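Chemist: From first to last, the protein sequence lines are chains A and B.
Under my numbering, the first residue of the first sequence carries the number 1, and numbering increases by one thereafter.
Under my numbering, the first residue of the second sequence carries the number 1, and numbering increases by one thereafter.
Note that these hints are calculated values from the structure, not bench results.
Predicted model only: the values in this text are computed from it and were never measured.
For each residue, glycine too, the CB sits at the ideal point set by N, CA and C.
It is possible that part of the hints are untrue.
Below, in silico cross-link-like pairs of lysine-lysine (BS3-like), each with a Cα-Cα straight-line distance of 30 Å or less [unchecked claim]: (1) 58/A - 69/A; (2) 109/A - 55/B; (3) 66/B - 69/A; (4) 14/B - 61/A; (5) 14/B - 64/B; (6) 14/B - 66/B; (7) 20/B - 101/A; (8) 101/A - 55/B; (9) 20/B - 58/A; (10) 109/A - 61/A; (11) 66/B - 41/B; (12) 55/B - 20/B; (13) 14/B - 55/B; (14) 61/A - 71/A; (15) 41/B - 109/A; (16) 58/A - 41/B; (17) 109/A - 58/A; (18) 41/B - 20/B; (19) 41/B - 71/A; (20) 101/A - 71/A; (21) 64/B - 101/A; (22) 64/B - 41/B; (23) 41/B - 14/B; (24) 66/B - 55/B.
Part of the chain A face toward chain B, derived, beta carbon under 10 Å [stated by the list, open to error]: (25) 4; (26) 25; (27) 27; (28) 30; (29) 36; (30) 44; (31) 45; (32) 58; (33) 59; (34) 83; (35) 87; (36) 111; (37) 113.
Label pairs and their in silico Cβ distance ranges [what the hints assert, rightly or not]: (38) 101/A - 26/B: 18 to 24 Å; (39) 118/B - 66/A: 28 to 34 Å; (40) 61/B - 62/A: 23 to 29 Å.
Here are the chains, one letter per residue:
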Amino acid sequence: AQSVSQHNHHVILSEAASLELGCNYSYGGTVNLFWYVQYPGQHLQLLLKYFSGDPLVKGIKGFEAEFIKSKFSFNLRKPSVQWSDTAEYFCAVKNSGGYQKVTFGIGTKLQVIP
Amino acid sequence: GAVVSQHPSWVICKSGTSVKIECRSLDFQATTMFWYRQFPKQSLMLMATSNEGSKATYEQGVEKDKFLINHASLTLSTLTVTSAHPEDSSFYICSAYSNSRKDGGTDTQYFGPGTRLTVL
Chain A
1 AQSVSQHNHH VILSEAASLE LGCNYSYGGT VNLFWYVQYP GQHLQLLLKY
51 FSGDPLVKGI KGFEAEFIKS KFSFNLRKPS VQWSDTAEYF CAVKNSGGYQ
101 KVTFGIGTKL QVIP
Chain B
1 GAVVSQHPSW VICKSGTSVK IECRSLDFQA TTMFWYRQFP KQSLMLMATS
51 NEGSKATYEQ GVEKDKFLIN HASLTLSTLT VTSAHPEDSS FYICSAYSNS
101 RKDGGTDTQY FGPGTRLTVL
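Please model the complete structure; the sequences and the hints are all you need to start from.
Modeler: So this is what it looks like as structure tokens:
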């Protein structure tokens, strides 16, 4: 069975600070990887996804994530956070191909202080 | 982009009553929809996978007789919480699977805004 672990449950940063949220997964096969964001009072939105190709994936709002297969990691990064990035971030993984179920991490709550 | 709606957004009901939650894909057809439950300060827990025209596949530990899922069309799936009890109070989220090639030929899930259920 696949699992996802997010190391930081609550992160507090000042505006303009750099962000890196850790995500590790466990699964021996080929995977698809996702980062979702949930802003306060809003529903989950896809931030970025990796299926194949360039392991450095660029998403919306200046976010990017790097897939490192040898480390089973898919860390999320942003060079300079803004107050509007305050949200909860979920890493997710599914077996590649078809309608395989997605397994979510526990989420990381990011609070950006103006 | 792909939009998924849920109705109602919140509901309060008495213990013992049944509640139906609708999940609709507004601008795409979804052969597969997923139902999740989210507890406070916890991740999303997949309850079941709903395929249009067939029986839902429930995750281990989820009571299929309590959480009835119907996926009658390519744009609508419903979750009915039967004989609800206070412990069923939670945030229920659906997602719809799209294999549209509009976003570069890759498949992904699009999430609804969720339904807050409170059982008194």
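Chemist: Hint compliance check: list the failing hint numbers for this structure, sorted ascending.
Modeler: 2, 3, 4, 9, 26, 27, 28, 32, 33, 34, 35, 36, 37, 39 and 40
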